[in-house]
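Both chains come to you apart, so use the hints to assemble them.
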Amino acid sequence: MARQEFDNSLHKLETEIKIMVSQVELSIEKAIKSLIEQDLVLADEVIKNDDVIDKMQDDLEKLCIDLIRREQPLAGDLREIVACMYVIEELERIGDYAEGIAVLTNRMGVRPLPTDLVIIPQISIISISMLKTSTETFLLKNADEVKNRYKKLQKEDTKLDKLYKDVQERLIELMKRKPNEIERATFLLWVAHNLERIADRSINIAERSMFLVGN
Amino acid sequence: MVNDFIDEISNQEAILKAKDLSVFYGSLQAINNVTFNIPRNKIISLIGPSGCGKSTLIRCFNRMNDLIPTAKVEGEIKYNDISIYSENSDPTDIRFKIGMVFQKPNPFPKSIFENVAFGPKINGFAKDNIESIVESSLKKSALWDEVKDRLKDNGLTLSGGQQQRLCIARALAVNPDIILMDEPASALDPISTSKLEDLIQEISSNITVVIVTHNMQQATRICDYAAVMMAGENRIGELIEYGTNDSVFGNPKDERTEAYVTGRIG
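Chains A and B, in that order, give the protein sequences. Positions 0 to 214 (numbering that gives the first Met the number 0) are the ones given, in order, by the first sequence. Positions 0 to 265 (numbering that gives the first Met the number 0) are the ones given, in order, by the second sequence.
Keep in mind that a hint or two might mislead.
In the DSSO-like style, the derived pairs of lysine-lysine whose C-alpha atoms are separated by at most 30 Å in a straight line are [claimed, not checked]: (1) A:LYS11 to B:LYS252; (2) A:LYS29 to A:LYS151; (3) B:LYS252 to A:LYS151.
Quick look at which bits of chain B chain A covers, simulated, 3 or more residues with Cβ under 8 Å [as the list claims (entries may be wrong)]: (4) 213-224; (5) 249-255.
In case anyone wonders, no lab produced these hints; they're calculated from the structure. Just so it is clear, CB atoms sit at the ideal spot from N, CA and C, and this is done for glycine as well.
With the rest of the complex left out, here is chain B (with noise of 0.2 Å):
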């Protein structure tokens, strides 16, 4: 059920593609098996009760698990059939072409300018380039209006869903393929998270978005697929159920899926 639907994504170009992935965090393993293909400007999210593996999947996507000492990465991921795990590919690089917007705002503290120019500038992006860079990665974040009278403000004087639109200029002003959000709005009020998920919306017409997101109403909303982990008595997390927004939020195959999010368990 799940490799159909994964050989029908492949059948769209996936831009990047999760092969047999297992995590282990030295002794323990995380995530088992997951293969999983990931369609090039749509919005995917991830959902499953807590402690299923979904943050450690989406960061495996850009390496991050790569700055946990103990992680262990076996499987593989190809991102535009490159494979990122492989000796000859750079984690810097990955992460301009995959960016990453976390749960909690982080920008630097830095002004608003700086926090979007500091990737242009050690990207090596012309010079002359970098305001007109700033000025549209604030516009694609629907951040323009409200800072473009204080750019030299400290980006932390920002409110919290100001700062998280913050956060995915610095992340689109690198020019990226995908950007993977790890609960981006769970600490955002509705209005900025309404603003969020506009954005996000926004964005997808050319970028890839993955979006792990325990709000069901909000994956509902803005995705287009969704995959469903779930970890079983071994406390390993799998992936039990990928499909459209309509097939998983409306009409799940698997009875594990239905349990989820229809919230009778996680």
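Chain A on its own, in the form it takes in the complex (with noise of 0.2 Å):
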């Protein structure tokens, strides 16, 4: 078979994608985990690891506009670049998101959170599990199983605006019952919002996926 090189970019691209979704999976565990446990180091390490990931996309970056230039793919070689690309810039707004969850855990700081998180970490769930199936999803390329995964995440996702709309009303109502912990209650919306946006992103990814295998 002719272009191994290629090929083996190819290759290379996908196993440093990975490795990008693996530093973006962390990073929202351990913003989840600094909340939770409201642990400020580990906050600051996930705010730090941002630059790590934003240094991940640019390499990525490169090397994708790197194929274009050297090897002008055409058909499914290019479909395969121009999603990577997408999803390179997917995974860094998701990054975004884990390190904007960890400033917010700064700025509540450690005095006693104003209400119980049970259904923040509920979400923090399905978003995580949302993106481990979509970036798998990305990487499998058969046509027929992206689709049932792509059926699958959308209802994912219905459950977890379900979920985001119930952490909305509560956070609303502990507002007008406190009102002196409207501040911290408003973050934790942005928490919420932040996971929220975690799966629409994973969805966007598992779109890219459709667009790979020609749909």
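And the structure:
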């Protein structure tokens, strides 16, 4: 088979994306842990790690542009590289949401939280699971499996949206009851919002998977 | 799949229709059962690995294979509903309406003017019009500004790219409906190639262009439709996919097309 070097480069691109995915997942997990445990040191670690994720985005974009310039890809190869560029950008934004949660954790400080977090960790579990599924789906390249998983992700997203709405209602209720906690309740609303956006961007990644397999 | 697309082209009024076309060189079969409709005033690229029968197919469209004694053509090609292989068809008349440009520019060893005037003269165009035909043909082929002050110079003194545009001017001078191009840019530098591609797109507003090319990026840049040929283990070329530029180069249906356009085979 011709174009062995090109195939090796595409394989390298996929491997690097897997590494970026694991970094982003770790950032979200640590950000949520820092929130639950009010661990400001861990929150700082997440904030610093965002620079690593940003650097990965720069390097991978350069790799994609280099492949387009050198290899002038067409058909499936072109779709793959373009899809990778989209996914890399989505991952970087998801990394920003994790960083955002860590920043909010810092701003909330170590005083006892104004409410229990029951629903927010639930949302985070679904968001992280959706990110895992969408990135695995992206690397799968099997048209039928991609369609199946995309449908499942849409169902998960609907479930998550309901939880998000529930959190919003509870936090607004809290703000009415305890006006002195409005600021920290607003921060928690933003945390929930960031998790909801992570799920939305996971859906975007799954849509790129559909594009990659020609749908 | 290929047939659905051919029906679609048919509805757009095809200018050329190949049906069940097979070509043999002596006992060797070069292409098998090609059915293929070409729409009017579009650019169609003919692509595929070496030896798949692209040149054989394109040469059938103006009976150039008649010049090869062992060549035998089966099936039918219709140009505007005239069967070009029927006994009544005159190959010379056909070649005026279906011109051809080859890989290597082949101007006559005559002046630039004579190169372009040759066709109209032998085709009985009025003498008074010859000069204006030469000028308009050279303008259409984007060569006029470069040669208007040296029309008496020998055509062979031009650069490779200019010679190729001169050959296109020569083909345009007899007012063709179709121009067949067999790898017309393969011997040209990038600037000449770019000028040639601009020219092809310019003339396609009222001329159909069928172009054989090995350059996938070139085909992607200029063609409206692409036909993909491929030879199997029997080394007989067949049409395996025919579709829009977007479809063939963006999301091909046949795995062999995908492998070819992405450079995995061929």
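Taking the hints in turn, this is what the structure says about them:
1. The suggested pairing of LYS11 of chain A with LYS252 of chain B holds, with an alpha-carbon distance near 27 Å, which does not exceed 30 Å.
2. Distance restraint check for LYS29 of chain A and LYS151 of chain A: the Cα-Cα separation of roughly 26 Å lies within the 30 Å cut-off, and the hinted pair is therefore satisfied.
3. Only pairs whose Cα atoms come within 30 Å are accepted, and LYS252 of chain B paired with LYS151 of chain A is accepted, the gap being roughly 27 Å.
4. As drawn, the region 213-224 of chain B meets chain A at 3 residues by the rule of a beta-carbon pair under 8 Å; at three or more, the given contact holds.
5. By the rule of at least three residues with a Cβ nearer than 8 Å to a Cβ of chain A, the coverage given for the region 249-255 of chain B holds, with 3 such residues.
This entry satisfies every hint, going by the numbered hints stated previously.
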